[in-house]
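Heads up: the protein sequence lines correspond to chains A and B, in order.
Just remember that my numbering sits 51 ahead of the position in the first sequence, which is counted from 1.
Just remember that my numbering sits 230 ahead of the position in the second sequence, which is counted from 1.
To be clear, the hints were calculated from the coordinates, so they are not data collected in a lab.
The model shown is predicted, which means the values in this text are computed figures rather than measured ones.
Don't take each hint at face value.
Stated by the list, open to error - A few chain A residues that don't get close to chain B, going by computed Cβ distances all over 12 Å: (1) Lys80; (2) Gly142; (3) Gly184; (4) Ala201; (5) Glu202; (6) Glu217; (7) Ser233; (8) Gln255; (9) Gly267; (10) Lys268; (11) Ala273; (12) Ala295; (13) Ser299.
Claimed, not checked - Derived BS3-like pairs: lysine-lysine, alpha-carbon spacing no greater than 30 Å straight-line: (14) Lys502/B with Lys557/B; (15) Lys491/B with Lys557/B; (16) Lys557/B with Lys209/A; (17) Lys105/A with Lys305/B; (18) Lys502/B with Lys295/B; (19) Lys502/B with Lys491/B.
Using N, Cα and C, we set each Cβ at its ideal position, and we do this for glycine too.
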Amino acid sequence: MSGAVTPAGASSARISLGPILYHWDAATKRDFYFRVADEAPVDIVYLGEIVCSKRAPFFADHLPEVTERLTRAGKEVVHSTLALVMSEREGAALEALAAEPDLLVELNDLAGAGIVRGRRHVIGPFINVYNEGTVGYLAGNGAVRIVLPAELPQAALKTLTAHAPEVAFETQVFGRLPLALSARCYHARANGLHKDGCQYVCGQDPNGLDVDTLDGKGFLAANGTMTLSYVALNLVRQLDALRAGGVSIFRLWPQAIDMVALSQVYRDRLDGRLDPGAAAARVEELAPFAPLAEAFYEDDAEPALA
Amino acid sequence: MKAESLELVCPAGTLGAFHAAVDAGADVVYAGFRDETNARNFPGLNFSRPEMIQAIGYAHARGVKVYVAINTFPKAGTPAPWARAVDDAAGMGADALILADIGLLDYAARRHPEVRRHLSVQASASNPSAIRFYHEAFGVQRVVLPRVLTLAEIGALTAQIPVETEVFAYGGMCVMAEGRCMLSAYATGQSPNMDGVCSPASHVQYEERDGCLTSRVGRFTINRFEADEPAGYPTLCKGRFAANGDVSYLFEDPVSLNATKMLPELMAAGVKALKIEGRQRGRGYVARVVAAFRQAVDAAAAGGVVNAGLLDSLSEGGRSTAGAYEKRWR
């Protein structure tokens, strides 16, 4: 830790833990959340299966105890919906979740947008929010928080945040970035299987399955029906700029690493106890599963948000 | 009861292709303005204002409708080009606007309530609840379904919603849910949602060495072809990649969509309209595909046999798939 450190933001800056994107086994997830409740300096925890509805039953029995434990530890718990709703069963599950009057729900599909109308809710990063017109409409519908898409240019930030000061804006700052959703399961396909008989092979890759180019360069990561970036985002050095743009919540995507220690680095940076360089070096140590990147698209003259 | 005939919605990126589509039997031609407001924002393509007026006049004089696609997401701080596109299309007498952005749908519904609003595939509305939201909030009268649903799901969905459904029947096929894909942004900085492009040619490079042709998009190798292999365009999701030690077309083979054989089932599912992809295609291609589909749609409406092989020779690399319409695709 260095001596004179510039604070990255007021103590009002909050850290969130996004929903677990990968198919970790139920006991691992439960223990992960118990440890988060007891030790991680995060303010908000998003729970729920957003990638594949076939995975949801495995953790359903643990959800109440995990919610209770996190809430008791002072964390705000948000329930995230599935991101691509196709079957009637998936639609019914989403509608039931959106209709729970006492839960704060993160919508990742606009199924449910009519149900939550007039009630406070969160718009997740899988809903397309690119401009002030959309922000204004969603705020009027009851959105109190919007998690912005990774490809949004940083230059757009001030326009959006200034347009809706009553809305809290959240950005993705750590982890492999979700890039695409599909009806097809690539984990199954990579193993010569179909989605219906997938044997839950996605459980073999707790940080996603590396997808390389023909010349051996890391390109993407497969996670069931979701495709993510090969590189993992690390914006710990850019928190000042994001704060200045009006972001007040910073999302860490859970990866199979020490997320308690990782969230502590982000907390220390936000509170000014770590300088940007030291924080970045510490994240490098903690996240060896993939190369880290400070931009969504490397060569962009006008960097995207993430 | 005889099922209602499917409406044939055909692409045009130039006036030449537009006339070809009308003359070949399109019920509707869809087109966009020459800027970033539409999802086929390619150099030399699409319509200036005078061209759009001319095109709409040509179509309307022949009893053919025109849908104007304004289906990218307006850039923060500069909503004017998108609002102007909506205003101009409405003023020119477009029969419907194809829109994806919530803010723009809201604008169009308030400013031009009399002009039909269709929900673009880029809005990725794949379920009754999401579609009902767009209908109730913005008076959307038709939804173009993302290419993620099976035939059975399309039928169940269509029965549950108060709006018409339109499905893709032929042409380039997104493997990912449309409007929810940032692969192109990740590799090139330009995306379908923001710029109206995917895997843009400006970022494509080919390199020939030792008889092998390597194609790249941005910094990433997408495919490599031996001398005797046909080389296709390096669309990001249709390249060869390595995972688990195996090299394969992990996401999708270089195929295009052809749902010709499913026309009777799509009619039975209550689908209102068939969409042909390909605003980037030339007039000859458009003429042949539209003529073939005119024949197939009429045959299906008459309860006759649809010649499923009608368009095989026009498919990408000669290979086609029914994609997500068949459950095994998943």
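- Message: Run through the hints listed earlier and report the numbers of any the structure violates, in increasing order.
- Response: As far as the earlier hints go, 2, 3, 4, 5, 7, 8, 9, 10, 11, 16, 17 are violated by this structure, in ascending order.
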